[in-house]
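Q: Same order as they appear, the protein sequences are chains A and B. Heads up, the first sequence is in the numbering used here, so the first residue is 1 and it goes up one at a time. Heads up, the second sequence is in the numbering used here, so the first residue is 1 and it goes up one at a time.
There's no promise every hint is true.
[What the hints assert, rightly or not] With a straight-line cut-off of 16 Å between C-alpha atoms, the simulated EDC-like cross-links for lysine to aspartate or glutamate are:
id : chain 1 : residue 1 : chain 2 : residue 2
1  : B       : LYS207    : A       : GLU35
2  : A       : LYS190    : A       : GLU35
3  : A       : LYS158    : A       : GLU30
4  : A       : LYS78     : B       : GLU126
5  : B       : LYS123    : A       : GLU58
6  : B       : LYS153    : B       : GLU126
7  : A       : LYS313    : A       : ASP344
8  : A       : LYS303    : A       : ASP358
9  : A       : LYS306    : A       : GLU293
10 : B       : LYS119    : A       : GLU58
11 : B       : LYS119    : B       : ASP58
12 : A       : LYS182    : A       : GLU35
[As the list claims (entries may be wrong)] Here are the computed distance ranges between Cβ atoms for each label pair:
id : chain 1 : residue 1 : chain 2 : residue 2 : range
13 : B       : PRO214    : A       : THR61     : 26 to 32 Å
14 : A       : ASP79     : B       : PHE283    : 24 to 30 Å
15 : A       : HIS121    : B       : ILE104    : 55 to 61 Å
16 : A       : HIS121    : B       : GLU126    : 23 to 29 Å
17 : B       : LEU279    : A       : THR179    : 30 to 36 Å
18 : B       : ILE104    : A       : VAL21     : 28 to 34 Å
19 : B       : ARG203    : A       : PRO33     : 50 to 56 Å
20 : B       : LYS123    : A       : PRO258    : 58 to 64 Å
21 : A       : SER167    : B       : PHE122    : 49 to 55 Å
22 : B       : PRO214    : A       : GLY133    : 30 to 36 Å
23 : B       : GLU126    : A       : PRO283    : 27 to 33 Å
24 : A       : GLU317    : B       : LYS123    : 44 to 50 Å
25 : A       : GLU320    : B       : ALA12     : 30 to 36 Å
26 : A       : GLY26     : B       : TRP206    : 54 to 60 Å
By construction, these hints were calculated from the structure, which means they are not laboratory data. A quick note: this is a predicted structure, and the numbers were derived from the prediction, not measured. Every residue gets a Cβ at the ideal spot worked out from N, C-alpha and C, and that includes glycine.
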Amino acid sequence: MTSQSLSALTIRNLYKSYGAVDVLKGINLEAQPGEFIALVGPSGCGKSTLLAMIAGLESVTSGEILIGNRLVNSVPPKDRDIAMVFQSYALYPTMTVRQNITFGMESRGVPKADQAEAVKHVAALLQIEVLLGRKPGQLSGGQRQRVAMGRALVRDPKLFLFDEPLSNLDAKLRVDMRTEIKKLHNRVGKTTVYVTHDQVEAMTLASRIAVMHQGSVQQFDAAQMIYSRPANMFVAGFMGSPAMNFIPAELGDGAGRPCVTVRTVDGGTAALELAQPVPAGAPRNVVLGVRPEHIYRFSDDLKHRKRAIAAVKAPVELVEPTGAETLAVLRFGDLEVTGRFDPDSAPRTGETMTLGIDMARACLFDPTTQSLL
Amino acid sequence: MAERAAAIDLEAAAASRRHFWSRFAIYGLLTVFAAVYLIPLFVVVFNSFREQAEIARDGLISLPRTFRLEAWAQAWSTYCIAGTCQGMQRNFLNSLWMTIPATIISTLLGAVNGYVLSKWRFKGSEVLFTLMLLGVFMPGQIALMPWAFVLGKLGLTNSTYGLILVHVVQGISFTTLFCRNYYVGIPDDLIKAARIDGAGFWRIFWKIIMPLSPPILIVTVIWQFTGIWNEYLFGVVFTSGQAQPITAALVALTASGTTARSYDVMSAAVLIGALPPLLIYLFGGKYFVRGLTQGAIK
């Protein structure tokens, strides 16, 4: 009971169906006061529906939503003490920026003097004072975004909800606004639920991430845990770009130490020594998950720096320099594996290089259940 | 080099000649059609300024030799229709008192219907909308008998109020269709944002939807005003004499030929009857076309 009163938002066993279609299948989540939670997943995973249910815009089929320790299942949106920023910004087109910001306060009957004070405060915080007299049609995308946030901030709610707020902005502005949202959250310190399909946004902003797929939460954990210890192959593949490499492998014993055997290009196999003991009950055939940045050009120096480096030879099929790093497509048997190299040690196309794989960072998955071993 | 340039010049000249002749044909044809359409109007306008004697002498279709406004004055206030010598003014006002309230009420109802059917959908709302659309395709004559019955029961026969009721109900299909299709283009996020902001059904309607509506409201008002003003069947069936709208009275005027027909007065009367929709279209036509072609609001 004490843990319940501590949470700013609690979701218990939440279901949503439209007729025979189950959109959400038993969601459990909880957010501590002041925490920044990201809901991330591919389109159609149910993340936006979940957010709309927290906002009260969609009805609950079964389960519970608590804001603070109040059950809000049947509380109308306006009484939930929330504010929401929409992907389309949803600014009222016929009103000025000032009217957009005060509309909610007017609906709730806040005295005019207090409204003016609140607008002043929020406009200063977001640096939109000069825009107050303009209509949304006269604003740029980034300015609209600020106004939409201002409209949410002015409410001073218990809970902030963001529905893909940056996806309508161009790439550069998106990165700038991302930083601004993070700064704003640090300053205001309100509990926030942030929906995005962009895993970088989720990683950079959130203290904890819920990765969703097909209506259920695949993993709900701190951003770094999601990245380094993904609960299953979906999470592993979704978070991180380029995606984690999945290499079919066979568990075995190499000189008394546990290792996995993978196919190499010449039709032979290579045994890679594992850093951890094999978990009990693991199947013989497994999937080895290696992130591109954990593949290095092998050297003695590397072997000294890292505690579990396994060497394997692979030809380089393609090289993609991006400036800061160089991506290379390597061939493992009939698989393509992407590696991420420092431009100084980048491979050349056609070269057959000896790779050092950091086995301490590698993950093993069960190919049938797809879960982490 | 020079030869080639000359050849290009020749080709360009030929192309521009072809262009000229095709334009000439198009505009010529359009002028003919416009004339066919406009000549009856000119005839009526001219005759309203000519003397009856002159019309009798020179025929109906002829340029005016005189210019007098007497026929207009007669048609407005003194001409005798079916024994009453008050001209058209009474019927003109009847039409106004019928058309203005009926237009406003049917437009507002259409706006509310459209708002509900696009933004507050409920189980069966699509079916309801489809049923309402049937009204668009239903000829007014079908409703004549039921309306006679309803107006009789309500005691609204031979009254402008009765006609207002008929036109409001008959018009709802169209106004609902117009408004609903326009409101579908308004993003749902606006409504959601307003709900979170604490606005209810009516506050969203008046503060969010209505300010976005002028384009479609202008279309609906023009459509309804012209339709109701020009409507004849219900007017002639459900009212008589002093209570008739101008369309019904015009027919009574042409039929009340006790003496020789006064084409000058008839022409003026017809023009008086046609003026309000024409004025509405002249002032609002630009918005009408714009409103019909305008898509979603971003």
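Q: Please go over all the hints and tell whether each is borne out by the structure.
A: Hint check results:
no.: 1; hint: LYS207(B) / GLU35(A); result: violated, 35 Å
no.: 2; hint: LYS190(A) / GLU35(A); result: holds, 7 Å
no.: 3; hint: LYS158(A) / GLU30(A); result: holds, 14 Å
no.: 4; hint: LYS78(A) / GLU126(B); result: violated, 28 Å
no.: 5; hint: LYS123(B) / GLU58(A); result: holds, 15 Å
no.: 6; hint: LYS153(B) / GLU126(B); result: violated, 32 Å
no.: 7; hint: LYS313(A) / ASP344(A); result: violated, 19 Å
no.: 8; hint: LYS303(A) / ASP358(A); result: holds, 9 Å
no.: 9; hint: LYS306(A) / GLU293(A); result: holds, 14 Å
no.: 10; hint: LYS119(B) / GLU58(A); result: holds, 14 Å
no.: 11; hint: LYS119(B) / ASP58(B); result: violated, 63 Å
no.: 12; hint: LYS182(A) / GLU35(A); result: holds, 12 Å
no.: 13; hint: PRO214(B) / THR61(A): 26 to 32 Å; result: violated, 40 Å
no.: 14; hint: ASP79(A) / PHE283(B): 24 to 30 Å; result: violated, 46 Å
no.: 15; hint: HIS121(A) / ILE104(B): 55 to 61 Å; result: violated, 43 Å
no.: 16; hint: HIS121(A) / GLU126(B): 23 to 29 Å; result: violated, 45 Å
no.: 17; hint: LEU279(B) / THR179(A): 30 to 36 Å; result: violated, 59 Å
no.: 18; hint: ILE104(B) / VAL21(A): 28 to 34 Å; result: violated, 44 Å
no.: 19; hint: ARG203(B) / PRO33(A): 50 to 56 Å; result: violated, 32 Å
no.: 20; hint: LYS123(B) / PRO258(A): 58 to 64 Å; result: holds, 60 Å
no.: 21; hint: SER167(A) / PHE122(B): 49 to 55 Å; result: violated, 31 Å
no.: 22; hint: PRO214(B) / GLY133(A): 30 to 36 Å; result: violated, 21 Å
no.: 23; hint: GLU126(B) / PRO283(A): 27 to 33 Å; result: violated, 52 Å
no.: 24; hint: GLU317(A) / LYS123(B): 44 to 50 Å; result: violated, 57 Å
no.: 25; hint: GLU320(A) / ALA12(B): 30 to 36 Å; result: violated, 51 Å
no.: 26; hint: GLY26(A) / TRP206(B): 54 to 60 Å; result: violated, 41 Å
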